[in-house]
Amino acid sequence: MFRRIEGQAPRRAVSLAIEGSDVQAREGDTLAVALLQAGVDHFRETPVSGAPRAPLCLMGVCFDCLVEVDGVANVQACMVTVRDGMQVRLQHGARHAEAAT
Amino acid sequence: MNETTEPAMTHDLIVVGAGPAGMAAATAGANLGLKTVLVDEQPNVGGQIYRNVAACDAKVASLLGADYRYGATLQQKLGGSGAEVRRETLVWDVARDLTVTTLQAGRALQLRAPQLIAATGAMERASPIPGWTLPGVMNAGAAQIAMKSGGVVPAGRVVLAGGGPLLLLVASQLLDAGVDVVALVETSPGSNRIAALRHAPAALRAWGTLAKGLKLMQRLRAAKVPWHVQASDLAVIGQTHVRALSFRAGGASHRIDADCVLLHHGVIPNTQLSRLLRLAHRWDDRQMAWHVMTDAFGQTSMPGVRMAGDGTAIAGALAAEASGELAALGAAHAMGQLDDIELARRAAPARRALTGQLVLRPFLDELYRPPRWITEPADDTVVCRCEEVSAGRVREMARMGCVGPNQTKFFSRCGMGPCQGRICGNVVTQILAAELGHAPDSVGAYRIRAPLKPVPLGALSSLANPTGAAATVHAEPAPTQETAE
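Residue numbers (the working numbering), protein chains in the order written: chain F, 1 to 101; chain L, 1 to 485.
Be careful, since some hints might not be right.
[Said to hold, decoys possible] Computed footprint of chain L on chain F, listed as stretches where at least three residues anywhere in the stretch have a Cβ under 8 Å from a Cβ of chain L: (1) 14-22; (2) 27-39; (3) 64-76; (4) 84-92.
By construction, these hints were calculated from the structure, which means they are not laboratory data.
Positions of the beta carbon are idealized from the N, C-alpha and C atoms, including for glycine.
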């Protein structure tokens, strides 16, 4: 769980849907920050053991923040900025990309 | 020249990565008259160190400090240089003919120039300890990124564990932001101090930076945060989320309840792009990481490809800025824009700045050298987070006859998950080197293939070339790309 640092200038609210529920983020937030701030504890489960995962690096390296955005799977939540109307789904179990090899 | 077989040149210079090295390189390149484009995956320039510096809230920026806010001056210089800047643009392939394939707003776009400067920056070294895959565990640098990119901090009790200047800086910044920091657990072994002492006289020449470090430590002591040193046997406790960090220090066992554990054991070059290009690397024993081999102007083993900044070797943001400028000077010289005399004259100030930044490095590297149980974790610890492969499994494969990371990958999928070995690569090399009794240089690293990050198949069909020349796709099958195999 993350919270906003106090004393910041207000930023425009951005509305997105996480698993169908409305969530308010702030303009300029990365999706990963918005999810953490909204109290999303784990972003995905591993395809191997089903263990819960949340972001480790927030800089595009660990891929533990992969989510589905507007129907596109395996998006790094830490590398995209929130947009009004963004539809976010959490990825449970095996990744589609696992079909490779 | 045969224009029909090769994609046309779109620019004189392509710079990949908009951190301090990339911003300085693109600025210098454009100022030297090169048609320059800077591409970066993030919504704003700045890299990680100056992430979001132009858009960051004033209160948050003041809390992050003057060294962060300095990044805005680099961004202003870039803006005034006339360099083309493409943000939210992911470089996912660079071909042998230096065609750079990018993904921007769901579309593939190709760029090509005779000179390429890769400024791919650093990433945090993995800290594989039991429980490090649990939600609530993050890299300390990630907590700083959350401050920079969204003005948010962990809401509950926070423990910081590991070693390095960044760990102390993040601890201090979190305290300033009102975070409940319940402990600081340093893992640097006592023997580090003796090794560092040898480099202390040289380090004293960087007294300004040392004074900043001492001030930081004073700040932390004044906050009266419980501070443990020379800790070992770290483990994160919890079932589905962090509940505590346990460790040994001062001859006793400790358990500290926490909601968030922030780990940090220094930074290492992000070599994904340099490995894709098969550039010459060498293992650096002091930094315990791969370095890309370059000359004084960033020229790598591949003609036309230069590297600058922490993606080459860890030296910090100010050194990165200087090396970015030197790489751009080298590119301009190669393009015939500068003669030898002019090159030497213009390079001198950047060279002096770079040398000044390097004096502190050996001291810091030795003082914060990660303990061996971090670089070669215990058998039951997960090293490959994606495929959940343990250190013991990697050792077992070495005993079965695997002589390098690409073989252990084949037999266990270690390094084959979505992160493509970014997190576990260094650790696997070090485990194999120790187990086999070979040097890391002979054990080697994961072979990296395009796409560097998963690319939607639809983007491939949208391949377009701004010059209208025939677009070529360099498409190798890769583990993370959806294929019908």
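Here's how the hints hold up against the structure:
1. 14-22: violated (count 0)
2. 27-39: Holds, because 7 residues of the segment 27-39 of chain F bring their Cβ atoms closer than 8 Å to Cβ atoms of chain L.
3. 64-76: holds (count 5)
4. 84-92: violated (count 0)
The structure is inconsistent with the numbered hints 1 and 4, although it conforms to all the rest.
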